[in-house]
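There are 4 protein chains.
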Amino acid sequence: MTEDTQLKLWQERLDISPFQRWLGLRAESAGEGEIEISLLWREELVSNPANKSMHGGILASVIDLGGLYAVLTTKSAAVATVDLRVDYHRPVSAGQLRAVSKVLRLGTKVSSAETTVFDDGGRLVASGRGVYLMG
Amino acid sequence: MTEDTQLKLWQERLDISPFQRWLGLRAESAGEGEIEISLLWREELVSNPANKSMHGGILASVIDLGGLYAVLTTKSAAVATVDLRVDYHRPVSAGQLRAVSKVLRLGTKVSSAETTVFDDGGRLVASGRGVYLMG
Amino acid sequence: MTEDTQLKLWQERLDISPFQRWLGLRAESAGEGEIEISLLWREELVSNPANKSMHGGILASVIDLGGLYAVLTTKSAAVATVDLRVDYHRPVSAGQLRAVSKVLRLGTKVSSAETTVFDDGGRLVASGRGVYLMG
Amino acid sequence: MTEDTQLKLWQERLDISPFQRWLGLRAESAGEGEIEISLLWREELVSNPANKSMHGGILASVIDLGGLYAVLTTKSAAVATVDLRVDYHRPVSAGQLRAVSKVLRLGTKVSSAETTVFDDGGRLVASGRGVYLMG
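Taken in sequence, the protein lines are chains A, B, C and D. For reference, each letter of the first sequence is one residue, going 2 to 136 in the numbering used here. For reference, each letter of the second sequence is one residue, going 2 to 136 in the numbering used here. For reference, each letter of the third sequence is one residue, going 2 to 136 in the numbering used here. For reference, each letter of the fourth sequence is one residue, going 2 to 136 in the numbering used here.
The shape of chain A in the complex, shown without the other chains:
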């Protein structure tokens, strides 16, 4: 499978979820145990209209799903999130976000992954971890 075909496949898998379609995610790259997903800031994703900062829930969503898809790249079947932890480092008020997700540990019952989110200036915006139940 070419890299382009693979990315198209991950895009389709991201787009299975109605909420993920609404977020407007884009699969940027994928490898064994890691995936990079991008997301564009837009008005609807805003928490505080005074400073136009993106809602913490959107960043949490990206960290949750990014980690899950990182586990999926290993051909393991992760079926649900057990728990999620997010650190918010800097507000985002414009531009494209890039979420880099990597498997920390693959297990038979649970697996864990870490996601780091950067703004379009390459600055750390949010980061966190999920633990996922294996199927």
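Keep in mind that the hints are not guaranteed to be accurate.
Copies of the same chain are indistinguishable here, so a pair counts whether it falls within one copy or spans any two.
Here are the computed lysine-lysine pairs in the BS3-like style, where the Cα-Cα straight-line distance is at most 27 angstroms [said to hold, decoys possible]:
id, residue 1, residue 2
1, K76, K9
2, K53, K76
3, K9, K103
4, K53, K9
5, K103, K76
6, K76, K110
7, K53, K110
Think of the hints as simulated: they come from the structure by calculation, not from any bench. Bear in mind that the values here come from a model prediction, so they are computed numbers and not experimental data.
Following the hints, complete the assembly by docking chains B, C and D onto the known chain A.
The following block gives chains B, C and D in isolation, referenced to the frame of chain A:
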């Protein structure tokens, strides 16, 4: 201020955020240090269309914002989420969710709050905590 | 089995662990899905000798093990901690701590439990959650 | 100040705490925003004597204090842990552990740091994050 006037006020404050309007949140009750917010399951909020389960990011969003508003009920100015932790207990595929948020500890620099989310059968769906930066 | 016999049993199970013996834990009460354990402040447990405050690692230990034993009270076999989250609410510089641990959710692969730690004035000192791998 | 003098200083600062002395920590290296600390497995640190695995509370302690000292290397005054999250990846039953701690984000009110713990085979044992209150 009557209870109804107060609830209307919290509803307005919830609706300031475009993302929170999209979620369709409803302020159900509010007191010193606690707030109850409801949310209706709908197709757009789904993660996995096979079982119609609500996306973990939606539940994380509700826990993040519920805790923030619980801190706001104390007339303290919480300005941003420092970190968020979510436990997923059971998938939700229909009905109304009820999120009960309570302040754990008020501080001058940071405060913490806990949110518990129930489905319309009163079963525990998700729960978690946020730490919030004070203004 | 009388309540006393049961408590003696939990005390023995706590004391299997060399580190737990060193901590000087005491099983105070136990029921289906919950356990209460106490711990005395002492010089060796201190982080900062300037204010004699107990080390955060000691409180994290109590929250980790309290949750595990809460799961064990259900006769389920929890074999290891998957992850642990701790909130620190107030420093402790003297007296007896009381840790109340309750199961949040029992599962076949993982279970979760919450522990709340109080000082001898009944004030909230620390609280947190663990997710445990089931045997 | 030579590197040796600096390490001696960090060792002294680690040894201020009675609990940290008991743990037997050793400052291995330190730079701006990061510190490496080692710890030897010993019987007293064990949770389960059946497999001699180190107690999760010990690993949580190392992640808590490692992150705090990483913040201190920036000459910022971190005064207390706000919250702590730990992922357990693999049991440790022998040898020397190496904890590498790095600042994630320095703030005026709170800062965050991440710590990764390896066994003497270089395998990931535990990792996690703390948020620290600034003085």
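Inset, instruction - Hints the structure violates: just list their numbers, smallest first. - result: The structure breaks none of the hints.
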